[in-house]
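Asks: Chain by chain, the residues run as shown.
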Amino acid sequence: MSETQETQGGAAVMADEETKLPPLDEETMRTTRLYELCLLFDPAEATRTWDKLVEWIRGTLSDRYGAHVYRVDKWADSRKLAYEIKGLKRGTYMVVWFRAKPAVVSDLDREIRLDERCARHMIVVHDFEPPTVGMAAEDFETAVKDREPREREFGGGTRNGR
Amino acid sequence: MSNREDRGGGWKGFTGVRKKSGKKGRGCKSCDFVDYKDVPTLKRFLNAHGKLFSRKRSRTCPKCQRLIKQAVKRARFMGILSYTN
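Protein sequences appear in the order of chains A and B. Per this note's numbering, residue 1 is the first one in the first sequence, and the count goes up by one each step. Per this note's numbering, residue 1001 is the first one in the second sequence, and the count goes up by one each step.
Hints listed in this document are in silico derivations from the structure and should not be mistaken for laboratory results. It is possible that part of the hints are untrue.
Claimed, not checked - Estimated spans, in silico, between C-beta atoms of each pair:
1) T19(A) - K1051(B): 23 to 29 Å
2) Y1083(B) - G66(A): 32 to 38 Å
3) R1066(B) - E129(A): 16 to 22 Å
4) N1047(B) - E55(A): 40 to 46 Å
5) C1061(B) - G66(A): 22 to 28 Å
6) F1077(B) - R117(A): 28 to 34 Å
7) T1084(B) - E138(A): 23 to 29 Å
8) Y1083(B) - R110(A): 32 to 38 Å
9) R1066(B) - K80(A): 26 to 32 Å
As the list claims (entries may be wrong) - Below, simulated SDA-like cross-link-like pairs (lysine to any residue); rule was C-alpha separation at most 25 Å, straight line:
10) K1069(B) - D115(A)
11) K1051(B) - R79(A)
12) K89(A) - I123(A)
13) K80(A) - N1085(B)
14) K52(A) - R113(A)
15) K1073(B) - K52(A)
16) K52(A) - C118(A)
17) K145(A) - S1058(B)
18) K101(A) - M29(A)
19) K80(A) - A1048(B)
20) K20(A) - F1033(B)
21) K1051(B) - D1035(B)
22) K145(A) - R1057(B)
23) K80(A) - E129(A)
24) K1043(B) - T142(A)
25) K1063(B) - D127(A)
26) K80(A) - D127(A)
27) K1063(B) - K52(A)
28) K1069(B) - E129(A)
29) K86(A) - D109(A)
30) K80(A) - K1043(B)
31) K1069(B) - H126(A)
32) K1063(B) - R1044(B)
33) K20(A) - K86(A)
34) K89(A) - L34(A)
35) K101(A) - K89(A)
36) K101(A) - H126(A)
37) K1073(B) - M29(A)
38) K101(A) - F1033(B)
39) K1073(B) - L34(A)
40) K1073(B) - V1039(B)
Glycine included, C-beta positions come from ideal geometry on N, C-alpha and C.
Please work from the sequences and hints to get the whole structure.
Replies: Next comes the structure, spelled out in structure tokens:
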């Protein structure tokens, strides 16, 4: 199982810049699919019991469902939600990348839904490793600022030279 | 159909035929992957009320528009983006 190192900002630090999800043996790659699991927790509880939550999700995925967990990241800490979810106005996001057989996903989904600590979750399947693996919320903001100024998409011209 | 030469030739104006452009729209950056967590990118394709722009407005190709739509809906579900406003 690969180790995940978390920085103060929450984004994981990977030794290999080329691939953040190292390939496994051929049999595993053939029978499993790459999944991304996003979980939303109460920020107070997440801050207090983050290690226990990570341990819980890793144990659930690897021990109960035989999944290979690549990494567990904290995508955002106490982020303001766009709307209230289960009484929460702020939330802490956890993003988990793992490989598992497709048959276990429905059971995994049900088990996470029954857990009271998780306010909302979503499992997404990927055909290939996305380039944004390991990026935290602030990394996306920074990437936009570093981007070169783009030309205007709408309008573009001036009327009467003004 | 009248030939340009018959009409005087050399006039580079509107001939009444609209060409079909095979080029991608100016809004298209990459049609491979759109992350639902990439809020700054997704907000470019939403109006002030949080609604998706049409393809005509955002000038994206069909594939990009589908990817953006899917990413926006995922972000809305996770509370990253709003359904309204």
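Asks: Verify the proposed pairing of K1051(B) with R79(A), using a straight-line Cα cut of 25 Å.
Replies: holds (22 Å)
Asks: Need the status of pair K1069(B), H126(A): alpha-carbon distance at most 25 Å?
Replies: holds (16 Å)
Asks: Next pair to validate is K20(A) with K86(A); report whether the Cα-Cα distance is within 25 Å.
Replies: Given that 25 Å is the threshold and the Cα spacing comes to 33 Å, the pair is violated.
Asks: Could you grab the alpha-carbon distance between K1063(B) and K52(A) and see if it respects the 25 Å cut-off?
Replies: violated (41 Å)
Asks: Straight-line Cα separation of K1073(B) and V1039(B) no greater than 25 Å?
Replies: Distance of about 12 Å is within 25 Å: holds.
Asks: Hinted pair, alpha-carbon criterion (25 Å max): K1069(B), D115(A). Please report holds or violated.
Replies: Roughly 29 Å separates the two Cα atoms, so the pair is violated.
Asks: For a C-alpha distance cap of 25 Å, please report whether K101(A) and K89(A) respect it.
Replies: violated (35 Å)
Asks: Per the hint of 23 to 29 Å, is the separation of the Cβ atoms of T1084(B) and E138(A) within bounds?
Replies: With a Cβ separation near 26 Å, T1084(B) and E138(A) satisfy 23 to 29 Å, so the hint holds.
Asks: Taking 25 Å as the top limit, are the C-alpha atoms of K80(A) and D127(A) close enough?
Replies: violated (31 Å)
Asks: Quickly compare the C-alpha distance for K1051(B) and D1035(B) to 25 Å and report which way the hint goes.
Replies: This hinted pair holds, its Cα atoms lying about 18 Å apart.
Asks: Taking 25 Å as the top limit, are the C-alpha atoms of K20(A) and F1033(B) close enough?
Replies: Answer holds: K20(A) to F1033(B) is near 16 Å, not above 25 Å.
Asks: Between K80(A) and K1043(B), does the CA-CA distance stay at or below 25 Å?
Replies: With Cα atoms ~16 Å apart, K80(A) and K1043(B) stay inside 25 Å; holds.
When the structure is compared with the earlier hints, violations turn up for hints 1, 5, 6, 8, 10, 15, 23, 26, 27, 33, 34, 35 and 37 and for no others.
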